[in-house]
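So the sequences go chain by chain: A and B. The working numbering numbers the first residue of the first sequence as -9 and each following residue consecutively. The working numbering numbers the first residue of the second sequence as -9 and each following residue consecutively.
The hints are simulated quantities; they were obtained by calculation from the structure and are not laboratory data. Where hints are given, some of them may not hold.
Note that identical chains are pooled: a pair holds if it fits in a single copy or bridges any two copies.
Under the rule of at most 16 Å between Cα atoms (straight-line distance), these lysine to aspartate or glutamate pairs were calculated in the EDC-like manner [to be verified]: (1) Lys189 - Glu37; (2) Lys279 - Glu109; (3) Lys386 - Glu348; (4) Lys324 - Asp346; (5) Lys347 - Glu383; (6) Lys229 - Asp254; (7) Lys216 - Glu23; (8) Lys324 - Glu348.
Number of protein chains: 2
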Amino acid sequence: MREFLDVVTVDTALERIKKVFTHTDIEWVPLSESHNRTLADSISSPELLPAFTRSTVDGYAIRAQDSFGSSESLPAFLTLTGEVIMGRSTEFSLSSGECAWIPTGGMLPGNSDAVVMVEYTEKLDEKTVLIYRPVGPGDNTMLKGEDISLGQELFPAGHRLRPQDIGLMASLGITGVAVLRPIKVGIISTGDEIVPIEKSPLIGQVRDVNTYALAAAVEACGAIAKTYPIVKDDFVLLKQAMEESLQENEMVLISGGSSVGIADMTLTVLLDFPDSELIFHGVAVKPGKPAMAVREGEKLVIGLPGHPVSALMMFYTLCSPVLNPYPLRQSTAKLSLNVASQAGRDDYIPVAFMPDKEYVEPLLGKSGLMSILARADGYIHIPYEKQGIKSGESVKVTFFHS
Amino acid sequence: MREFLDVVTVDTALERIKKVFTHTDIEWVPLSESHNRTLADSISSPELLPAFTRSTVDGYAIRAQDSFGSSESLPAFLTLTGEVIMGRSTEFSLSSGECAWIPTGGMLPGNSDAVVMVEYTEKLDEKTVLIYRPVGPGDNTMLKGEDISLGQELFPAGHRLRPQDIGLMASLGITGVAVLRPIKVGIISTGDEIVPIEKSPLIGQVRDVNTYALAAAVEACGAIAKTYPIVKDDFVLLKQAMEESLQENEMVLISGGSSVGIADMTLTVLLDFPDSELIFHGVAVKPGKPAMAVREGEKLVIGLPGHPVSALMMFYTLCSPVLNPYPLRQSTAKLSLNVASQAGRDDYIPVAFMPDKEYVEPLLGKSGLMSILARADGYIHIPYEKQGIKSGESVKVTFFHS
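Model the full structure from these sequences, guided by the hints.
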């Protein structure tokens, strides 16, 4: 039984992966297809927003000083001299003591600097409006350029676009963006004991979970998953499958053959390719110790443990940050129970939010229960040097992909 | 200027929407296409998991009692009588004083009830294994049915399937699931001042943000967005556009014409259809008061404010829970600043997580700044009866769709 060749910490493993696997292919997509895509470059604003000073309410545009001192009992009397029309440039100006009706979004008349909400006014007759509350300069308006200034950075490179981000770009006339081309990821399950999911496993066999769970996890990162048939623990078959998947993808995830107990065959096969380099073999982490990575030319193979829970946790730890540079969502919560850990090992513990959303419950149970991950909302990380976390302590929760 | 006809609270608005709009069309998808889909029915396990008692480590299967009292200085001597092979049924049994090599995932021999990790053993010769640590019955094993029992509910109806959920179903031989068919949602922007995003707006005009932001938000709910050209504030044009979009979709989101200040035209058009019913007109909420809903036969039209920030916030409040019954992600955090609110109104305030993930910053600024939503991670809700939240108080954060 061969020992792990090059056991590293999670941080080191990730650093080394990022060093050998850089994905910078970009493509141009129209704004309407940019949702959930990752920006290849930072985006700066080509315009300012709003383009003109506008009202944020329905009411009367005035010169703020004309309302000073007004009250319910002593309203200001202003002369109604105009009406602002939505969608048109306002060409008139106000003089002292004058006001103009303005709808939400309308452009302020010249010399006006505030808007009084209609609720605090009364139209006495066609020419006279009473103002019952004072407003300050700028009140209920949005100044030209106040929202976004010209050239301002809107989003950094690597930002994953959400609905409101797309909205902001639409408002600035950005009709398309340069985004990262999705990485193609091959997925191979190996192991003599693995059978396809539609088969009834014989005693001793288990169904192929990883092909399905990893494909969905890859998709959740915005990458493209390509799955392959299960490969038996056989050098020739494994090599054939690796050749095919390396040709068709930029990254290959192979699960199963990486446990010391089963075989070193995966590693032997991977290092049998001409331009291959061991990146690491073994990670000081629980669960997932038998993970490995090998560079094959410009492509990368990550070997994940065969056990589905370990495989998925290692996917989150090692693959997700590479496939989707935008960090997973995090928040803090209090831990509902003590959790022990060993120093000298990174521990990743699945957790579920309690109904109050203030506490998370560590889902300990026996390692390897599939049902635990299905109950979990995310995980906490107990770093290398820590020996555990006490109940009630604040922890950082990383959310699983939805 | 017509007043709001039927102002309701957010809760009432949502209740009424859910009452008239029920979406129960289901479709069957293979497991490999079920990611992010919403279960139409609850799923119960057709099998138990694991199907046999298996080892969770590489080591030696033993009868736990044979290890009692063993230690580094006084190991137990066991006789090696067999080897468990992965993927095969283990046909032999152990007698007292015997052990068998077992890999992770292997099936325990008859009469064995625990596994000692290889790290705590030493193989003295072909026949003898030293055990340096005692184990209890069940240690390092997973009992038949311990993970999932037969008939156990795995997920409730309405659950949105994540990678690990798909993995759990794969392990149980569930090859396909009944999911909700995606709702088709038409999206119409209205307003004389709205121009397409590729145009340079004249003074007084603004670009069409809502078509893009709402389409992405609809997609983030797992629904299908169909967008339509911008419609001017014109009864005939609006009626034509509504007819077309109602024919092609189950729900239509129309934004713009719902502000009292602009026009009651949208409402007039909507109520002009034969089997139409006003669900509400006006919501006691900030931002988003001018929202409305009208039932058209079995279909639903939701009128959203024209302003993009209000429109998107109201989408989260009123549409998202209907399009995707699975609740948005939530966590708690502490508020970094005081936030005031009016009693008698639900307030939704965009917030951004501080780098420590423990505090959130309320993004107050002027209402209607597009840049605020782009900076926000989610929002907090100040309920109807509350007058504000103090700095340092714990708040529930609802995350925006990614």
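- Message: I'd like to know which numbered hints this structure contradicts. Please list them from smallest to largest.
- Response: none
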